[in-house]
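Fit chains B and C to the given chain A structure using the hints.
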Amino acid sequence: MAKSAPAKMESKLVHIKVNVNGVDYEHDLEPRLLLVHYIRDVLGLTGTHIGCDTSNCGACTVILNGKSVKSCTMFAVQANGAKILTIEGLAKNGELHPIQKAFWENHALQCGFCTPGLIMQAYWFLQENPNPTEEEIRKGISGNLCRCTGYQNIVKAIMAASKEMKR
Amino acid sequence: MNIYSFYSFHHRIKFICLDQFIYMSMIPRPFMYFSPTTENEALALLKDYKSDAKILAGGMSLIPLMKLRLVSPNYIIDINKVESLSYIKQEGNKIRIGALTRHHDLEKSDILKKVLPIISETASLVADPQVRNMGTIGGSLSHADPAGDLGSCIIALNGDIVIKSESKERTVKIDNFFVDTFTTSLEPDEMVKEIIVQVPKGRSGGAYLKLERRAGDFAIAAVATQISLDNKGICNYAGIGLTAVGPTNLRAKKAEDFLLGKELNDKIIEEAAEIASNEAKPGDDPLRGSAEYKKAMVKVLTKRALKISLNRAGGG
Amino acid sequence: MAVTEFTWIGKPIKRLEDRRFITGKGKYIDDISLPRMCYAKILRSPYAHARIKKIDISGALKVRGVVAVVTGNDLAKHFNPLPNFGDPRVVQYPLAVDKVRYVGEGVVAVVAEDKYVAEDALEKIDVEYEVLPALIDPEKAMQETKVLVHESLGSNIVFQKTMRFGNFEKDYSTADIIVKEKLRWNRSSAEPLDTAGAIADYDEGTGILKIWANSLTFTNFIWLYANSLKIPTNKLIIQPVNAGGSFGSKFYAHKVACLAGMLSMLTRRPVKYVEDRVDHILNSDHHGSDRIYEAELAVTKDGIFKALRVKVIDDYGAYFQFGVGTHGNSLAQVTGPYTISSVEYTVIAVLTNKNQQGAYRGFGSEVTNWMLERLVESARRKLGMDPVEIRMKNFIPPDKFPYKIPTGNMYDSGNYPAVLRKALQVIDYEKWRKIKEEAKKEGRLIGIGIASAQDRSVFSATEFWFWFEKPAAPVTSTPESVTLSIDPMGKITVTLYSQAMWGNSPETVAAQVVAEEFGIDPYDVNVIYADTSRALPATGPGGSRFSIMVAGAIKGAAEILKAKLKKAAATIMEVKEEDLEVKEGMVKIKGTTKGMKIAELAALVHMFRHNYNFPKELTSGLTADYTFDHPYTTLPKEDRSDLGVFYPIMAHACHIAVVEVDRETGFVKLLDYAAVHDCGTIINPKTLEGMIIGGVAQGIGTALYEQHLYDQNGNPLNADFTGYIIPTAIEIPNIKVDHVVTPSPFTPYGIKGAGEGGRMIAPAAIPNAVEDALEDFGIKVNEIPINYEKIYRALKEKSK
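Chains A, B and C, in that order, are what the protein sequence lines are.
Going by the numbering used here, the first sequence opens with residue 224, and the numbers climb by one from there.
Going by the numbering used here, the second sequence opens with residue 22, and the numbers climb by one from there.
Going by the numbering used here, the third sequence opens with residue 75, and the numbers climb by one from there.
One chain only, chain A, in its complex shape (with noise of 0.2 Å):
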């Protein structure tokens, strides 16, 4: 079945400056690169992934200029001039972020493909909201979707290091 595709797009090469994790980055890319593969493929960062193709599972999910955001709904190019922070980029020096350990602690993962994304977002709704409530937890997590855990022992992780990050 041959479509009518549009005729063929040359498309130019974009230049983009990025810092991922405090690091640095140029690189001239095909203005349709989704920001995802960018950061998988182009830098190696394999932790960010693939969950859904359609923006619903969040397993995709960064930080770009302070905002979570689901990177397989962007193109690279968008990040030109951005900082990005992805869950390779939380520990620091080895030392585990609070909520990486409250998430060990509280036994939030199972197989752990959605971990990244969770944690990442649970990252930016802290900001947001240092004091949540279970609900509000529930709510600001309500983009990511896990299939093993049930989401309870996540909801207590991000409580957990909620009052750990308070100290």
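FYI, nobody ran anything at the bench for these hints, they're computed from the structure.
Warning: the hint list may mix true and false statements.
[To be verified] DSSO-like cross-link-like pairs, simulated, lysine-lysine; straight-line CA separation at most 27 Å:
#, chain 1, residue 1, chain 2, residue 2
1, A, Lys235, C, Lys854
2, C, Lys760, A, Lys324
3, C, Lys385, B, Lys328
4, A, Lys290, B, Lys102
5, C, Lys743, B, Lys328
6, B, Lys288, A, Lys290
7, B, Lys129, A, Lys386
8, C, Lys810, A, Lys362
9, C, Lys514, B, Lys275
10, C, Lys864, A, Lys315
11, A, Lys379, A, Lys389
12, A, Lys235, C, Lys864
13, A, Lys290, A, Lys379
14, A, Lys362, B, Lys135
15, A, Lys379, C, Lys515
16, C, Lys101, A, Lys324
17, A, Lys240, C, Lys189
18, A, Lys324, C, Lys85
19, C, Lys101, A, Lys386
20, C, Lys854, C, Lys872
21, C, Lys514, A, Lys379
22, A, Lys379, C, Lys505
23, A, Lys362, B, Lys134
24, C, Lys385, C, Lys505
25, A, Lys290, B, Lys135
26, B, Lys288, C, Lys872
27, A, Lys306, B, Lys102
28, A, Lys389, B, Lys288
29, B, Lys129, A, Lys290
30, A, Lys306, C, Lys385
31, B, Lys316, C, Lys743
32, A, Lys315, C, Lys101
33, A, Lys362, B, Lys328
34, B, Lys316, C, Lys864
35, C, Lys101, B, Lys328
All of these numbers come straight from a predicted model, not from anything done at the bench.
Structure of chains B and C alone, referenced to chain A:
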């Protein structure tokens, strides 16, 4: 392959000459990319490329369509760096919201929470937190998905849309902005600049209620209501916007007219809700509900939303 | 049997696995790259049923960066069909040959240097189809004689059989009441966040094909893959890879691994094929059960269940890889926790133009549980009995175990009344009953639903073939192996052979068992996953078997090593072997504190063989392999009146759900939920609780949100996560989990399986709760998932 299954599948895109299930791709076709930093730059590009181009704002509706290859513009004009388009300002009794204002900012805005909380409430129900960080009001309205939440909210507030092209600026009432499913009255070289809504006078209250199968889903039906009462408790403003029950966001005009000049009590509200449900024009959606069910839900949601609005207006 | 106190078993220790996952170093299949690797993308069928007339790949071949374009015919020319435990006449290749049988079936594979290029090349392929009528409704497909999913079968009914157990005729005809229900369980699927994927690398130099795959349970069946790939069985190596969830969908997922293998062999390059979400929803190896029941329960007027009669039509989709294994599975516990004395079970397996069924957490028994509980509710309403009363009346008494059910299977241990009582306590049943009555005065509809059901574990191979009078391959082995080794510094490594980590905490479980055996710190244990080149016999996870089988294998290997350590210590310390025991990381003289550290002994055994007068048989080194076979399985009788013992490790649970139904919208909201399980001895309460909650969450998804929908032409209506909705943190309430422990007399430590549990019972409890909320309207809820619009309509009807 019938048009209908695509309809629900791809967020209700109308498909012409589709004879089979095409669900091929998760990667967009190639395109040229521009990243203007001023409104003028953006509008100049739009003038050059017109229908060959698409404005990229939040991208939360556009990029999924591009990944599915249902939409493949040759040129993308990314306006995310046009900071002058992102604002929420109160000027007298007008609220002016820039097109690039993110749903998240609408949700958290102190100004809106104080004078028009229905906007914050509606914004808080769009998709999910990450999508709300990127999605914009201008993008949402321009996309004109009948299941879009903000459209009904702006209808209930009788908002105005300020539209700009390189050569001119014009203002259009929200009722004249939505033309058909995924179709607005924007010309190919135009884009939304700003949304203007009036701060209600006196006692006013609004609510947005959304019935969805699951958090973050598109609505089965949703209703935005805003009412104002004069100092005798009589309704002197009523705005009712309906989501996901027609080719566009709809105004329940007859229901609104019915409420004006009346004291709102349970019986009046019930009747208004019945009228509103008859103004809904839904189709059958195998995922989210038959037309009959959607209409019935419009009645339930309108009734509930009006009661909450009345309560918030200090009446009832 | 008393519950023993252990040192490490039963402790809620934090997992060993987590560090790599919380730091983003998980190394799932899509995170792995090989030099010169290319990417495969699949062109899928847009039709549910069509003949392939012509495929023109010339346009795709011209796209720069395309390495190969492969059709089903190419595969059929070079390779054998995919492995198949169902019916040899139902032939399947990873890409369709001659005919497409469901929307989404793979037709052409493009292999390219870059995945974006591969995607672009798909658009340049031209396939000409002759569209055929689509068979979507299984009841219609059954009757249809001209349009066939597989012409070789001559029918769309691929299998049909009635089995009777016990004295069915007598029980059925002498019952006072027979309740009959027509039930519909629609198809859903596991949908783990990580789809199936594989990287295959064919090395022309050695003739070895190595496949990295997140498929599980491959070790014992690798020779079947090799057969499909037409490669010598000892030249195929499968390397396990961390998997992001399975829930059955990675159980023996052969299509992706074999396709990657075939493409690599054809292109002589490493090829990566990772399904995207649409691929996975449309084309995975594993959709769940899709059943229409006519089910009857014969009951006395006092509410005693006598006989069960089941007629079930199961829509298997277009292929039949496991035969009716999902029904064989059901026969292990078809009478539930009750003393039902006879069963008549008729299964009709139908093929349609949909994706194939496979495994989804429960493997068909979760459906049987639901079916039985629907009948129990129907019976109790007819008799005006209380839900607790009728169950208590029919439970197998705690002193009757091991208990043989009419089908021949045994239940090892259990105390069903205690589990129900505890569940009532945990949910605070009386409190909710009061709230329900109060709420009625306000016009609110609150309901409480109880479900007591079984969760069988440790499958035996017989359930796949006892359906056939003359089975082609009456396989009976389902072993599991480990290798334990103690290095010269005394550090222990456990090698697992049939899987990688997929969420089930294998490293933590293995470490806790090793720690228990040797008295060491579990965090000192290293667990690794071997590829199949070094594999011992291993069946892998599935049917909640893994913890038990691995524990058995570890125990066996530990005994060998402990004996060797004692032998060495006996020589060095000059005492008798029988006076020594391994405890607290040492080999000690019994009853004293004297002994030698394992680390010390290990160094000597490894490096200092000839410094001591060790016996001849004490060779250098400390490594033990152990293969643990199914602890208790027997063969079916020839006439199949008794199927033998095939799933005797019988966990059990009682779930109680509290819901509120919105009488104006029909929406169901979960207000409270309790899950009390009996999984025998618990290895790690924290991970067990996590599994139960996760299972309940999937059960909630099954009961309220998930269904694969098709239009009348077989077009899937929700092939992505926008349409196919899995629950978020907002839909799943807090689940209250508690336990009753009746250790198994047949397993190491008395462990029973737990992995499937939550989903085995939740879909049974929730409809009971909804019906309870609607009891004044007499509305029955006989379909899964529960459809809110249907509730709305039923309420509307009743209020007229």
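#### Entry: Violating hint indices (sorted, rising)
Failing hints, ascending: 1, 3, 6, 9, 10, 12, 15, 19, 21, 24, 28, 30 and 35.
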